[in-house]
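2 protein chains.
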Amino acid sequence: MRDVAVIGVGMTKWGELWEKSLRTIFDETALLAIEDAGVERIDSMVVGCMSSGLFVGQEHLASLLADSLGRIPIPAARVESACSSGGLALRQGFIEVASGLSDVVLVAGVEKMTDVTGCEATYALGTAADQEYEGYHGLTFPGLYAMMAVAHMHQYGTTREQLARVAVKNHENGSKNPLAQFPFKVTVDAVVNSVLVADPLRILDCSPITDGAAAVVLCPLDLARKTGKPFVRIAGTGQATDTIALSSRKDLTWLESTRVAAQKALAMAGRKIDDIHLFEVHDCFTIAEIMITEALGLVGKGRGGPAVEEGLTSMGGKYPVNPSGGLKAKGHPVGATGVAQAVEAVKQLRGEAGERQVKGAKRALTQNMGGTGGSSVVHVFEAE
Amino acid sequence: MRDVAVIGVGMTKWGELWEKSLRTIFDETALLAIEDAGVERIDSMVVGCMSSGLFVGQEHLASLLADSLGRIPIPAARVESACSSGGLALRQGFIEVASGLSDVVLVAGVEKMTDVTGCEATYALGTAADQEYEGYHGLTFPGLYAMMAVAHMHQYGTTREQLARVAVKNHENGSKNPLAQFPFKVTVDAVVNSVLVADPLRILDCSPITDGAAAVVLCPLDLARKTGKPFVRIAGTGQATDTIALSSRKDLTWLESTRVAAQKALAMAGRKIDDIHLFEVHDCFTIAEIMITEALGLVGKGRGGPAVEEGLTSMGGKYPVNPSGGLKAKGHPVGATGVAQAVEAVKQLRGEAGERQVKGAKRALTQNMGGTGGSSVVHVFEAE
Chain A
41 MRDVAVIGVG MTKWGELWEK SLRTIFDETA LLAIEDAGVE RIDSMVVGCM SSGLFVGQEH
101 LASLLADSLG RIPIPAARVE SACSSGGLAL RQGFIEVASG LSDVVLVAGV EKMTDVTGCE
161 ATYALGTAAD QEYEGYHGLT FPGLYAMMAV AHMHQYGTTR EQLARVAVKN HENGSKNPLA
221 QFPFKVTVDA VVNSVLVADP LRILDCSPIT DGAAAVVLCP LDLARKTGKP FVRIAGTGQA
281 TDTIALSSRK DLTWLESTRV AAQKALAMAG RKIDDIHLFE VHDCFTIAEI MITEALGLVG
341 KGRGGPAVEE GLTSMGGKYP VNPSGGLKAK GHPVGATGVA QAVEAVKQLR GEAGERQVKG
401 AKRALTQNMG GTGGSSVVHV FEAE
Chain B
41 MRDVAVIGVG MTKWGELWEK SLRTIFDETA LLAIEDAGVE RIDSMVVGCM SSGLFVGQEH
101 LASLLADSLG RIPIPAARVE SACSSGGLAL RQGFIEVASG LSDVVLVAGV EKMTDVTGCE
161 ATYALGTAAD QEYEGYHGLT FPGLYAMMAV AHMHQYGTTR EQLARVAVKN HENGSKNPLA
221 QFPFKVTVDA VVNSVLVADP LRILDCSPIT DGAAAVVLCP LDLARKTGKP FVRIAGTGQA
281 TDTIALSSRK DLTWLESTRV AAQKALAMAG RKIDDIHLFE VHDCFTIAEI MITEALGLVG
341 KGRGGPAVEE GLTSMGGKYP VNPSGGLKAK GHPVGATGVA QAVEAVKQLR GEAGERQVKG
401 AKRALTQNMG GTGGSSVVHV FEAE
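Chains as they are written, first to last, in the working numbering: chain A, 41 to 424; chain B, 41 to 424.
Hints were generated in silico from the structure; no laboratory data involved.
Be careful, since some hints might not be right.
Chain A is nowhere near these chain B residues, computed Cβ spacing over 12 Å in every case [as the list claims (entries may be wrong)]:
#, residue
1, Trp58
2, Glu59
3, Gly97
4, Leu141
5, Ser215
6, Lys269
7, Arg273
8, Asp282
9, Val300
10, Asp315
11, Tyr359
12, Gly410
Lysine to aspartate or glutamate pairs mimicking EDC-like chemistry, simulated, CA-CA at most 20 Å apart [claimed, not checked]:
#, chain 1, residue 1, chain 2, residue 2
13, A, Lys60, B, Glu172
14, B, Lys269, B, Glu422
15, A, Lys304, B, Asp83
16, A, Lys304, B, Asp143
17, B, Lys304, A, Asp83
18, B, Lys225, B, Asp239
19, B, Lys304, A, Glu68
Model, not experiment: these values are computed from the prediction.
Virtual Cβ for every residue (Gly too), placed ideally from N, Cα, C.
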């Protein structure tokens, strides 16, 4: 297997982009990444998107976007793994470059979730749950994560305030990210008094509905060295699955797919969790980030709540989690999220993260998750 | 890149499987392929499916199926390229084994299109066209292919009877395939007098709506040799894109993505088209097969009609096309079709195709297509 580097990244402002179609959002973002990479040639494209079929009535997406970008007849693949579609796209792009089949691969994630005619966003997102065992009974994701939160509070004494602390931290970080959908701070009081969505989760515990895209350009390490430009190596990739129905899990409070994916990615990179300087993780709900810090091994089982309260995962803490603002503040265009995590990792390792820079960061880990953890994709990035 | 072999194949009876859900259809088929391969271990899964989101309200499909098959926590990726999703899955599985990341990869294609609650099949299939440039104006696939047929008839004098000859040939072949949805013969008269769908295409020019799955097991060539069982090598893979909107094409009668994909796959295999002993191609409509034989270079531009009339593409002809019965007789569960083509290629090259065996076949080519040719995936298989 060849070593793989990221030589270009691109991301545009996320939000409710009423005036932009899916292909426009993709094009603008992909062009930024290609410009950043400074390459003319693109051999192949991989696009992560959860549900353009339901959101905008468009499948056959990768060909459409290859055409829109003016790149036909290059090969173009769309991959889907619910909200970890972006992470999966990065992994497939990595494999394609590693294999030697393609040299320069554009990896993008995109989702158009607002101003759509296809169907209601909550229904479309609900198709990441088990339709026969969960969706059929009316369960949607706020409800599923609320059950996980209640179980975590019951089992480990996690408090309502600790959940809020995740939102406060991520909005603090996101307030320094000009591309974030909600680049402002929130207080614990604001979170715990915000509108109830699914007890105990309130609106400020939830990541938003977002239009957006993110893109990176990959190539073999030796080619990256020849460019003379800064680049970042993908040192490890790991992916794992779990039951997508919560009812089939042994433990509602544990994300086994994240544990397995992280162990694989770290093993491939030859690193331990303490070697990592920053983490971009899948905080689709505040409880998710608490459970992810446990599954990654940043803290012991059940200790995610106290950890965020004590500042362990804040900027300046031992394990900075979500310097970008995370899904909570940055937004969550589901197919784009995993690629955006890679964009942040690369910016941090190139020292270009501005006000939210983790000083001296040389190694980063991204964790992208589908559903309630039915799939997880983890990557380890290292500065060269 | 490592050489890659197919060591197991599986396919179940296709049709309107009212009593079986998507996961049941997948499980039964995947288990056949695993049993055929004689392996215990599966390192990873790739699933091709066009639109489980629209058909059955289920995204996050690969994780669901990994769980259903009892294989969590292995990595599982779903890929989509409209009706070439199956071919794309095979290609991604090939790349994963070639890269060295995984040794034993299960590749499956599946689609549940009948007895569904999500939406109407014609709407779901229509999302393989350009939603903004085609779907919005009411175009569906019979209409798009009808325009291609009219253009081909006008430009090259292709006749109504020549179109019918494709259906007659493929049903003749399909009558010998017990797994086909419609394993019976049809006559030219029956085709040209069948119900009009979109002039000049009649119902017997169209592939059907089908529930079904197909699966193959891939591994490195050296591992395949150690099993002591028959196997087939994937000698070449090619994928290409084109504009998905017909209105953006230079020529309505030419499938450029098929030409490019075939050239790439043949070049990788170090073969010419005349080295191939049988072809499984994407006859979603009779006109499609005529255009594909031209794009593959079996005949000159505009000569596809006379070729089928003269028996060039019949069993016993110079270029046997669709010995399995093709999409026309076998059925077309869109995400499964590309993998089913590989299943037929492998059965033929192992000499296990029964009554429809192409005698002495050592090399086969599969061509799987999305939309009206917005994407094409071609593979070359060789017996060892």
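Now for the hints, and whether the structure bears them out:
Every beta carbon of chain A lies more than 12 Å from that of Trp58(B), the smallest distance being close to 16 Å; the non-interface claim holds. At roughly 14 Å, the least C-beta separation between Glu59(B) and chain A is larger than 12 Å, which holds for a residue marked as non-interface. A Cβ of chain A approaches the Cβ of Gly97(B) within 12 Å, the least distance being about 5 Å, so the stated non-interface status is violated. Listed as outside the interface, Leu141(B) is inconsistent with that label: its C-beta sits roughly 6 Å from the nearest C-beta of chain A, within the 12 Å cut-off.
The non-interface label for Ser215(B) is consistent with chain A: the shortest C-beta to C-beta separation is roughly 32 Å, beyond 12 Å. The Cβ of Lys269(B) lies farther than 12 Å from every Cβ of chain A, with a closest approach of about 25 Å, so its non-interface assignment holds. Every CB of chain A lies more than 12 Å from the CB of Arg273(B), the least distance being 16 Å, so the non-interface label holds. In this structure Asp282(B) is not separated from chain A by more than 12 Å, as the shortest Cβ-Cβ distance comes to only about 6 Å.
The non-interface label for Val300(B) is inconsistent with chain A: the shortest C-beta to C-beta separation is roughly 5 Å, within 12 Å. For Asp315(B), the shortest C-beta to C-beta distance to chain A comes to about 22 Å, beyond the 12 Å cut-off, and the non-interface label holds. The claim that Tyr359(B) lies off the interface holds: its Cβ sits roughly 24 Å from the closest Cβ of chain A, which is beyond the 12 Å cut-off. The Cβ of Gly410(B) does not lie farther than 12 Å from every Cβ of chain A; its closest approach is about 5 Å, which violates its non-interface assignment.
Only pairs whose Cα atoms come within 20 Å are accepted, and Lys60(A) paired with Glu172(B) is accepted, the gap being roughly 13 Å. With a CA separation close to 15 Å, the supplied pair Lys269(B) and Glu422(B) stays within the 20 Å bound. Between the alpha carbons of Lys304(A) and Asp83(B) the distance comes to roughly 13 Å, so the proposed pair stays at or under 20 Å and holds. Simply put, Lys304(A) and Asp143(B) have alpha-carbon atoms about 16 Å apart, close enough for the 20 Å limit, and the pair holds.
For a cut-off of 20 Å, the pair hint linking Lys304(B) to Asp83(A) stands: about 13 Å separates their Cα positions. Between the alpha carbons of Lys225(B) and Asp239(B) the distance comes to roughly 23 Å, so the proposed pair goes past 20 Å and is violated. As the CA atoms of Lys304(B) and Glu68(A) are separated by approximately 30 Å, the hinted pair breaks the 20 Å bound.
Checked against the numbered hints above, the structure violates hints 3, 4, 8, 9, 12, 18, 19; every other hint is satisfied.
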